[in-house]
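One-letter residues, chain by chain:
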Amino acid sequence: MMLIEYQSQRVSLWYFRLALVLFILQVIMGLWLSINYAFTLPQELVNVFPFSTAREIHTNVLVAWMLLGFMGGTYYILPPECGRELYSPKIAYAQLIIFVAAAVTAVVGFLFGWTRGKPLLEIPFPLNALIVVAALLFIANVAMTIIESKEKSALQWMLLGGVTFLAVMYLFGMPFYKNLNTDYYYWWWVIHLWVEGAWEVVTASIVAYIIMRVTGVDRKVVEKWLYVETGLFLFTGIVGTGHHYYWIGAPDYWIWWGGIFSALEPLPIVLMVVDTWMHVRERKNPIVNPLTWYYIIGLAIYHLVGAGLWGFMHTLPPINYYTHGSQVTVSHGHLAFFGAYALLNLTIFYFAMPRLKGINKYQDRLGKWGFWITTIGMFILGLVFGIAGILQTYLERFLDIGYSTAHLTMMFWFRVAFGVGLVFLAGVIITVYHLFTIKPSSIPPPEPVVTPAANI
Amino acid sequence: MTGKTARLIFWVGTLTSAAIFLWQTYDFHMQTPKFTHTDKLTEQVVAGKKVWHKYNCNDCHTILGFGGYYAPDMTKAFYRLGENNIASIVQHPDVMYKNSFRKMPQLGVSETETRQLVSFLRWVGDIENRHWPPQDEKFVEAYKLRESQPQKLDKVHLVLQACGGCHTFENQGRNVGGDLTTIANRITYDRQTLINYMINPQSVRPGVAMPPQDVSPQTAAIIADFILSLKSTKEVSK
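Line by line, the protein sequences give chains A and B.
Residue 456, in full-length UniProt numbering, is where the first sequence stops; the numbers in between run on with no holes.
Residue 238, in full-length UniProt numbering, is where the second sequence stops; the numbers in between run on with no holes.
Check the hints yourself; a few may be wrong.
[Said to hold, decoys possible] Per the computed footprint, the stretches of chain B lying under chain A, defined by three or more beta-carbons under 8 Å from a beta-carbon of chain A, are:
(1) 11 to 21
(2) 31 to 44
(3) 49 to 60
[Unchecked claim] Below, in silico cross-link-like pairs of lysine-lysine (DSS-like), each with a Cα-Cα straight-line distance of 27 Å or less:
(4) K138(B) x K34(B)
(5) K284(A) x K357(A)
(6) K150(A) x K220(A)
(7) K178(A) x K284(A)
(8) K40(B) x K50(B)
(9) K54(B) x K178(A)
(10) K152(A) x K90(A)
(11) K178(A) x K98(B)
(12) K284(A) x K439(A)
(13) K220(A) x K284(A)
(14) K150(A) x K54(B)
(15) K4(B) x K220(A)
(16) K178(A) x K34(B)
(17) K368(A) x K357(A)
(18) K368(A) x K152(A)
(19) K50(B) x K34(B)
(20) K152(A) x K40(B)
(21) K4(B) x K284(A)
(22) K178(A) x K50(B)
(23) K155(B) x K34(B)
(24) K368(A) x K439(A)
(25) K150(A) x K90(A)
(26) K40(B) x K155(B)
(27) K155(B) x K144(B)
No lab work stands behind these hints, which were simulated from the structure alone.
For each residue, glycine too, the CB sits at the ideal point set by N, CA and C.
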């Protein structure tokens, strides 16, 4: 049985490798941030490498490795989905080089204070222009591959729509806005419409593809679910942007529209969990690699808890009035990003990387350790941030104690967070090492009833 | 459910939501001048916003609740701290936070930039955002009260608002300039000298580190009375 049908799928391997390296850098920066909270650093150190610089690296590297994962994943699933090679592997490599060069220059630039000073969108204009070039090359490559394919599928269009939506939204973060409320209004067009719009579409498409390939469930069934899920994601997610507009100086109706629509946002995620579970039950093929399943199921559940439930509680206006801008947001952010997107990327990596090496069934002992350490580690981390956040909210906003005094209580909780973070880093390193050195298992895999290729 | 129904759900859901959102965006722009007083959005304020970005303030401080969670929210900072305190903190964080568990980097913000930044924060403080953040609302109210009727204020409250940025009093305020009770017992100034001292410290004590305070002579007089009342009279028992 062929594991990769098309040679051009190989371009994705470099996307995955670089994404994994950036993942480790992101976690190390996160640990450094927790040290900043947990201890009093000397003024000299704070002057040279302040919290703000570490934070911009932490968050930008997050965005970079997420995008590398999505782009690599798209390049991996596109050829078999379209039944042809990629339009141009050369463009794919050129785009990767431009993207990574811009990202590396940005990180080095941050160390020297070259920044736009806009959280998560700190990359200066010339580098942004490079990112746009890379994005255009990517979209052109994807679009041409789809246009020139004989068979057209809903999944292809969904994927193209998702990545185009993603790129278009990025443009709204680039101008300088004179008015702070307008600045934040469009800032969320990038951040919110990414994570609760475009990225969800890409996620749903990639997960649908992997489920279809691994389970052998009929394409019609999978695509039907895909339509309903993305429809609900976009229906709730677009107006749901309003939950960021409660306190920025915007009209009153945002409270209602934002509150109600963001309360509905867990619905599509529930649907995704149900959908995944149904497909697992109705699968025609035996489970070859349990670890890949751990990740798919883990993704669905973690996505629901971190983004869905945590987000639901935090965005209700009467609660948000107190928790907005506190450590509660940090807790939600970590659980949601890890649950929805870090696990998605790792699912793609565990699906694609062994196949790219010609391995069908792999040794997964180390990978399982990595899975449990990272998922449990991040869950505890989320709880620790959550406790710190509730404490901060209570002290600062209910008892009216000053910010600094309330933040003194952070020191203890961030020492705990630092300890848990070390364990998390160990889990990440184990996972990355396992993915880089994945080996075939000595136990022969069970024969699939429906070969994945038969579903194309 | 058929494939056709599923596609219908997708298109109707997405397009309805997008249409509502775009209409709201249009309305947001129509109403923004009212909520943010764009008539007061001067060149100086815009320059201040650029300073805010240039030194990447937003990756430690939140503003309107967004950004880094490492340092206080700056939305109502103008009302919480006042112009002089913001200026002192921005220019001499190492001095202002000498005794603090949390440090702020020495950024090298120039005099002009500091003034621009203050204008920006003043304008942001006036954005009508439903009195958020809740804990800063008292500072906004106190500032407005102080501006309109200084003589009617509770003295302790007034002193803490005006002097608490550097001085402590009964364990409140920032401990940079010393405890007001101790100071009251140490100084030998009369009421008028104390008023002059607040308005222009150098004229009374050349070389002193305290910056000139932006208070009216009436407010300074109220504060002077208050400080002088703190002097504990030594009982002379004969």
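Hint consistency between K40(B) and K50(B) [alpha-carbon to alpha-carbon, up to 27 Å]: holds (17 Å)
Distance restraint between K284(A) and K439(A), which requires alpha-carbon spacing of 27 Å or less: Satisfied, since the Cα-Cα distance of roughly 26 Å is no more than 27 Å.
Proposed proximity, K155(B) with K40(B) (alpha carbon, max 27 Å): violated (32 Å)
Hint consistency between K152(A) and K90(A) [alpha-carbon to alpha-carbon, up to 27 Å]: holds (24 Å)
Pair hint K50(B) and K34(B), alpha-carbon separation not exceeding 27 Å: holds (23 Å)
Outcome, coverage hint (the segment 31 to 44 of chain B, chain A; C-beta under 8 Å; three residues): holds (count 6)
Hinted pair K4(B) and K220(A), Cα distance within 27 Å: Distance of about 11 Å is within 27 Å: holds.
Given pair status - K284(A), K4(B), alpha carbons within 27 Å: Roughly 25 Å separates the two Cα atoms, so the pair holds.
27 Å limit on alpha-carbon distance, applied to hinted pair K368(A) and K357(A): holds (20 Å)
Pair hint K178(A) and K284(A), alpha-carbon separation not exceeding 27 Å: Distance of about 58 Å is beyond 27 Å: violated.
Restraint status (C-alpha distance of K152(A) to K40(B) at most 27 Å): violated (55 Å)
K178(A) paired with K50(B) [C-alpha distance capped at 27 Å]: With a Cα-Cα distance of about 9 Å, the restraint between K178(A) and K50(B) holds, given a limit of 27 Å.
Of the numbered hints stated above, those contradicted by the structure are hints 7, 11, 14, 18, 20, 23, 26, listed in ascending order.
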